[in-house]
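Protein chains: 2
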Amino acid sequence: MKSIFPSCHVSRHSLLPTLAALAALLSLIHFTDANAQADPLPSWNDGPAKQAIIELVKATTNRASPTFVAPEERIATFDQDGTTWVSHPMYTQVMYCLERVPAVVAKKPELKNVEPFKTVLSGNREAMAKLSMKDLEKILVATLTGMTVDEFTAEVAKWIATAKHPRWDRLYTELTYQPMLEVMQYLRANGYKTYIVTGGGQDFVRVYSERVYGIPPEQVVGTAGGTKYGYDKSGKPFLTKEPKLLLNDNNAGKPEGIHFMIGRRPIIAFGNSTGDRQMLEYTKAGDGARLALLVLHDDAQREYAYGPAQGLPDTKVGTFTQALYDEAKKTGWIIISMKNDWKKVFPSTSEPW
Amino acid sequence: MKSIFPSCHVSRHSLLPTLAALAALLSLIHFTDANAQADPLPSWNDGPAKQAIIELVKATTNRASPTFVAPEERIATFDQDGTTWVSHPMYTQVMYCLERVPAVVAKKPELKNVEPFKTVLSGNREAMAKLSMKDLEKILVATLTGMTVDEFTAEVAKWIATAKHPRWDRLYTELTYQPMLEVMQYLRANGYKTYIVTGGGQDFVRVYSERVYGIPPEQVVGTAGGTKYGYDKSGKPFLTKEPKLLLNDNNAGKPEGIHFMIGRRPIIAFGNSTGDRQMLEYTKAGDGARLALLVLHDDAQREYAYGPAQGLPDTKVGTFTQALYDEAKKTGWIIISMKNDWKKVFPSTSEPW
Numbered sequence: 003m004k005s006i007f008p009s010c011h012v013s014r015h016s017l018l019p020t021l022a023a024l025a026a027l028l029s030l031i032h033f034t035d036a037n038a039q040a041d042p043l044p045s046w047n048d049g050p051a052k053q054a055i056i057e058l059v060k061a062t063t064n065r066a067s068p069t070f071v072a073p074e075e076r077i078a079t080f081d082q083d084g085t086t087w088v089s090h091p092m093y094t095q096v097m098y099c100l101e102r103v104p105a106v107v108a109k110k111p112e113l114k115n116v117e118p119f120k121t122v123l124s125g126n127r128e129a130m131a132k133l134s135m136k137d138l139e140k141i142l143v144a145t146l147t148g149m150t151v152d153e154f155t156a157e158v159a160k161w162i163a164t165a166k167h168p169r170w171d172r173l174y175t176e177l178t179y180q181p182m183l184e185v186m187q188y189l190r191a192n193g194y195k196t197y198i199v200t201g202g203g204q205d206f207v208r209v210y211s212e213r214v215y216g217i218p219p220e221q222v223v224g225t226a227g228g229t230k231y232g233y234d235k236s237g238k239p240f241l242t243k244e245p246k247l248l249l250n251d252n253n254a255g256k257p258e259g260i261h262f263m264i265g266r267r268p269i270i271a272f273g274n275s276t277g278d279r280q281m282l283e284y285t286k287a288g289d290g291a292r293l294a295l296l297v298l299h300d301d302a303q304r305e306y307a308y309g310p311a312q313g314l315p316d317t318k319v320g321t322f323t324q325a326l327y328d329e330a331k332k333t334g335w336i337i338i339s340m341k342n343d344w345k346k347v348f349p350s351t352s353e354p355w
Numbered sequence: 003m004k005s006i007f008p009s010c011h012v013s014r015h016s017l018l019p020t021l022a023a024l025a026a027l028l029s030l031i032h033f034t035d036a037n038a039q040a041d042p043l044p045s046w047n048d049g050p051a052k053q054a055i056i057e058l059v060k061a062t063t064n065r066a067s068p069t070f071v072a073p074e075e076r077i078a079t080f081d082q083d084g085t086t087w088v089s090h091p092m093y094t095q096v097m098y099c100l101e102r103v104p105a106v107v108a109k110k111p112e113l114k115n116v117e118p119f120k121t122v123l124s125g126n127r128e129a130m131a132k133l134s135m136k137d138l139e140k141i142l143v144a145t146l147t148g149m150t151v152d153e154f155t156a157e158v159a160k161w162i163a164t165a166k167h168p169r170w171d172r173l174y175t176e177l178t179y180q181p182m183l184e185v186m187q188y189l190r191a192n193g194y195k196t197y198i199v200t201g202g203g204q205d206f207v208r209v210y211s212e213r214v215y216g217i218p219p220e221q222v223v224g225t226a227g228g229t230k231y232g233y234d235k236s237g238k239p240f241l242t243k244e245p246k247l248l249l250n251d252n253n254a255g256k257p258e259g260i261h262f263m264i265g266r267r268p269i270i271a272f273g274n275s276t277g278d279r280q281m282l283e284y285t286k287a288g289d290g291a292r293l294a295l296l297v298l299h300d301d302a303q304r305e306y307a308y309g310p311a312q313g314l315p316d317t318k319v320g321t322f323t324q325a326l327y328d329e330a331k332k333t334g335w336i337i338i339s340m341k342n343d344w345k346k347v348f349p350s351t352s353e354p355w
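Same order as they appear, the protein sequences are chains A and L.
Positions in the first sequence are counted from 1; adding 2 to them yields my numbering.
Positions in the second sequence are counted from 1; adding 2 to them yields my numbering.
In isolation and in its complexed conformation, chain A is listed as follows (with noise of 0.2 Å):
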């Protein structure tokens, strides 16, 4: 019998055999498959932080457990800076407060010639580091309020879209941590209902927080101001962003945040500064299977080595001090370790690592 193949010469009898084999090859991909299927957190190294983390959900989700949670009250927070994404040199909404000053100024031009407007439009770098956290407030108040809801989205979508971090000169919403976006959708889905809890604005990580953790904007819990309804010449109603803060979501403004905002208690929550204690003591005070973990910056090559925490170099963007480290490892809570922890940091398989 001819072939059916032109150039190939194989009689049926012959072909069977290879057929059989290259089944037996398919169930092998599948068996391989199955087994990287088999492990929710791949980009993650053997050890207690991805041990504690599987074990924490085995514990809540199993109903043999008697530490067992019913699927409604499965509760995971993550602190966004420094435990999701990238947040060195600068925080990424910092930076995009300081890129939106020249637009605030050419709607405001009296604010030309004042501090601190006028050192951020020099560009002058070293200058700019040394604005006072009053200057700063400054220029948060006047590229985060005043606008409307709307116009505030719009903007954010616009920048965050486009702009890239210095060192890697990738998009911001590129520099997530894979290891991070892994743990989300493993708790999702073993039916945790994920949050973002962040100092920074609520709405800010609103813009892009479904597309780029999967998370909903209802469920992002951040600082926030308050906004006034008002009605434009038509009649039609709007929020516009007001100077008013109603929620600063750090240090003890996280637990009462979340109370704020979800009305429980997390069962597993992440951060990595001492802005996070309060929601990590909150959470691990509950009853039953909770967790707490800290993710620890020590790994210069592959991102950045920060703490002062185990000698690591100080910085005021994210701080981890000796004593946060010292409570974690007094009262059980686990350091996930950056370097040793993660097999990866970011999302693409294109790092140059």
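In case anyone wonders, no lab produced these hints; they're calculated from the structure.
None of these values were measured; they are calculated from a predicted model.
Mixed in with the good hints there might be a few duds.
To be verified - Chain L regions said to be covered by chain A (calculated; three or more residues, Cβ under 8 Å):
id : segment
1  : 132 to 144
2  : 219 to 229
3  : 232 to 244
4  : 252 to 260
5  : 264 to 278
What the hints assert, rightly or not - Pair by pair, the computed Cβ-Cβ distance ranges are:
id : chain 1 : residue 1 : chain 2 : residue 2 : range
6  : A       : G193      : L       : P68       : 33 to 41 Å
7  : A       : E157      : L       : S236      : 42 to 50 Å
8  : L       : A40       : A       : M92       : 54 to 62 Å
9  : A       : T333      : L       : D152      : 14 to 22 Å
10 : A       : A108      : L       : S134      : 49 to 57 Å
11 : A       : A108      : L       : S236      : 53 to 61 Å
Don't be surprised by glycine CBs; every beta carbon is placed ideally from N, CA and C.
We have chain A already, so just place chain L on it with the hints.
Below, chain L alone, put in the same frame as chain A:
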């Protein structure tokens, strides 16, 4: 052959037609069930309100519809008092606060002879009805703040499990509106996320919202005070309810609260009083298909009659002004007439009418 049923002398031969008849009967029952399921709002009379709700759902969930809405954007908001349960002669939460006064005074005996506590302790309903808003505020502060979040939740859970409405001698939680429960279920079955957006206390409603409405605590937006994070002697953290208003979820506070807590504009919103006006305006100001509805209490026999819209008796509890009625008519909001649109009011079948 001897029957396996000792006292039932039926041969296998004669049993078969019986089984066939039974099967036919069962299929008939299934058919009836399927028919019942075909009407998602069985407690609603056919009319413009029922029709508008069903049309809105079709317009937003049919992929071929030009006003199709992605599932994650399907947000439905419900005012509570007077919209999803009885709020006359007085709001349920105010009844709770009044009934808590003796316990508060027992802990703080110095309040015993101080107004307005003295009047409340007297039990004189006429005198209590004359208390000013300032007096009422003092009672709310004394009974809703100053305790831990967990203590408050436990107290409300205990009270709401037994507290009854004086007119019907039924639990307050049984005096929800069956037609509105059906709307909630219908919307959820069509991918909508249902929220309570109440002028009442967020922490109060969260205690029973899941059980009574199928709405989890994180989907309750309400008037909320701040909490304060602290530690007990053993170092265990807890949150104390503070007399500091964070969100006054009434009037313009409703769209502000919706933006703060949800971050999305509702597709459909239900209210019953002037306190809901801005929520309905905000809902209707969105693009595409949107629906705003107001329950009009025009049914003194089965529930209550109050307005003063349409010449109904005036009230301070859930006021529905003629101006609100006129705005509704002018802008295409739907008025739900309790008397004409609802076949039944309450869930139980043991209603006295």
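Consistency of the hints with the structure:
no. : hint                           : in the structure
1   : 132 to 144                     : violated (count 0)
2   : 219 to 229                     : holds (count 6)
3   : 232 to 244                     : holds (count 4)
4   : 252 to 260                     : holds (count 3)
5   : 264 to 278                     : holds (count 3)
6   : A:G193 with L:P68: 33 to 41 Å  : 36 Å, holds
7   : A:E157 with L:S236: 42 to 50 Å : 48 Å, holds
8   : L:A40 with A:M92: 54 to 62 Å   : 59 Å, holds
9   : A:T333 with L:D152: 14 to 22 Å : 21 Å, holds
10  : A:A108 with L:S134: 49 to 57 Å : 51 Å, holds
11  : A:A108 with L:S236: 53 to 61 Å : 57 Å, holds
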